[in-house]
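Start from the sequences and build out the full structure, keeping to the hints where you can.
Here are the chains, one letter per residue:
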Amino acid sequence: MKVGMMSFAHMHAYSYADGIKRLPNVELVGIFDENVERGQEAAKTYNTVHFSDQAEFLELEMDAVIICSENNRHKEMVVNAAKAKKHILCEKPIATNLSDANEMIQVCKDNAVILQIAYPVRFSSPIQQVKQMIDKGELGDIIAFRTTNRGQNPGGWFIDEEQSGGGAVLDHTVHMVDIMRWYLNEEVTEVMAIIDSYFHDIAIDDAGLLTLEFENGVIASHDASWSRFTEYPTWGDVTIEVIGTKQTVKVDAFKEHIRTFSSGEKSLEHVFYGNDMDFGLIHDFINCVKEGREPSVTGYDGLKSLEVSLAAYESSKLKKPIRL
Amino acid sequence: MILKIVFASIEKLDFRNAFENLTLVESIEQLGNSANEDTTYVLAAVEDQLKAVEDSGHEIYIPSTGLTADNQSLGWHVYFDLENYPFYQKVKEVIGKEDKPKGVFRFRRIVNQYANNLLLTGDLYVLSSLLGELQGIQVKQTNQIMIPEHTIVLMDFGGGTMAHIEYTVAEQERIELEWSGIKTIIEFDSDQMRPIQQGSRTSSQISYSVDAILASAQKVDQELVTRLKYFSNLINGGAHS
Chain Z
21 MKVGMMSFAH MHAYSYADGI KRLPNVELVG IFDENVERGQ EAAKTYNTVH
71 FSDQAEFLEL EMDAVIICSE NNRHKEMVVN AAKAKKHILC EKPIATNLSD
121 ANEMIQVCKD NAVILQIAYP VRFSSPIQQV KQMIDKGELG DIIAFRTTNR
171 GQNPGGWFID EEQSGGGAVL DHTVHMVDIM RWYLNEEVTE VMAIIDSYFH
221 DIAIDDAGLL TLEFENGVIA SHDASWSRFT EYPTWGDVTI EVIGTKQTVK
271 VDAFKEHIRT FSSGEKSLEH VFYGNDMDFG LIHDFINCVK EGREPSVTGY
321 DGLKSLEVSL AAYESSKLKK PIRL
Chain S
-17 MILKIVFASI EKLDFRNAFE NLTLVESIEQ LGNSANEDTT YVLAAVEDQL
33 KAVEDSGHEI YIPSTGLTAD NQSLGWHVYF DLENYPFYQK VKEVIGKEDK
83 PKGVFRFRRI VNQYANNLLL TGDLYVLSSL LGELQGIQVK QTNQIMIPEH
133 TIVLMDFGGG TMAHIEYTVA EQERIELEWS GIKTIIEFDS DQMRPIQQGS
183 RTSSQISYSV DAILASAQKV DQELVTRLKY FSNLINGGAH S
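Residue numbers (our numbering), protein chains in the order written: chain Z, 21 to 344; chain S, -17 to 223.
Since the hints were derived computationally from the structure, they do not count as laboratory data.
Hints may be right or wrong, so weigh each one.
Facing chain Z, according to a computed beta carbon distance under 10 angstroms, are these residues of chain S, among others [said to hold, decoys possible]: (1) Gly85; (2) Met137; (3) Ile164.
Beta carbons are placed, not taken as given, at the ideal position from N, Cα and C, and that holds for glycine.
Quick look at the structure:
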């Protein structure tokens, strides 16, 4: 199978490219990046060809593309790739607004290509294990969730609202809303949020707390932020506690770590040894294309988690709950 | 003779290394003639024992969850559960270093009993004195016919401080607390801070001392009662700014 990559603006592009290189019978045939220096360097690292012209890149004979551009360019690249009949794995969030997301889903449907959204957390072994426990009924009925996704300020285009569409709350809410929807098979109907910016001197949000309610009355709290500084032992966290009528289970996707102590600036460091969820995502996408099946994480999944994140901004602005 | 009598959840108290001279008694009647003013008497905070000291004139200390309309004008002292824990005192020290703390505060209790929102009211009172005046609050509760019962309270303290406090009613007592401040992060989980690991037992009881109760308790007055009513109204959907 032949795969191309569109933009290395998002840092996940590197681990996705690593994933492609690890898979047998999958070839990274080219990298499109308008940032010539970045594109050329990536092409050299992954022993492939760099293209600075999108149309020329899309003329390549390849089955699929992985899009890791700035968020506001997802639509343009998805539309062009779909029209060129390439299957697509698009970095999250699907888009910066619902109208773009809907258009992306429709164009992929019209051109009969797969649109998968990159939610690697779905491929974390402990997260999957809890999903299995839920599906087997081991937790009973779910009544509430408690989730966190906190990390470091990524800087660059992430803190430019026009390119990113939102700060920490957009960046770190979509993942956990996706997991909650996946665990519950229900949609969020109400969002209440407080969003602010104070961890960094930036003109975009870096902290937010959300309270959600699902169709069936399940309630959830979510903590999204870029509150982790470089001296903190790890980049951040992804946790979800599922409160069920039979038992409560807490899962921490990055719990599997060794603790190392040194006398440097960062005296304690957590070194993760759990499964590589980015590789799991890439492996799944390639299999999905190979088998021609419905993607594990659809464009619609991307749309619904984006909808909740955008509602959080509106709720914080209006200081009232938003009904979806 | 005026006696010092502390009503408490006995299972929460650590009697070791107490500064005060303590005697645990089962009932007021047990005090008899041998009682003396140099001793602090500790009793389980149960309704009939509280009633028995109503007009005694003794120096009475009760938990905030025991404060009712009947006993709030008796000149008793009231204390708040959260404020007595040594870990909370340390948290207060760290957060209190900032003039106006900015950050995300997350607090979660697993409790045996929800005590009709009284525990939550007391926690709000304590937290508000640390984080600032509440600007907004939203309370979400699960369907109360489902067990366990879970409550999420979203709070805006204005000026850059926000909080989620959550309560789950279950067969254990546990407190988790996190503060994500500017260049300061605090993490606490009572389950992970057990100094004694005993076999496969997973439940733990966090405790505080009678000394802490006596040091933190405050005399019940109209200002305190009004303030607690304010928080209670907020929890029950009352107006706020």
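Here's how the hints hold up against the structure:
{"no.": "1", "hint": "Gly85", "in the structure": "holds, 8 angstroms"}
{"no.": "2", "hint": "Met137", "in the structure": "holds, 8 angstroms"}
{"no.": "3", "hint": "Ile164", "in the structure": "holds, 6 angstroms"}
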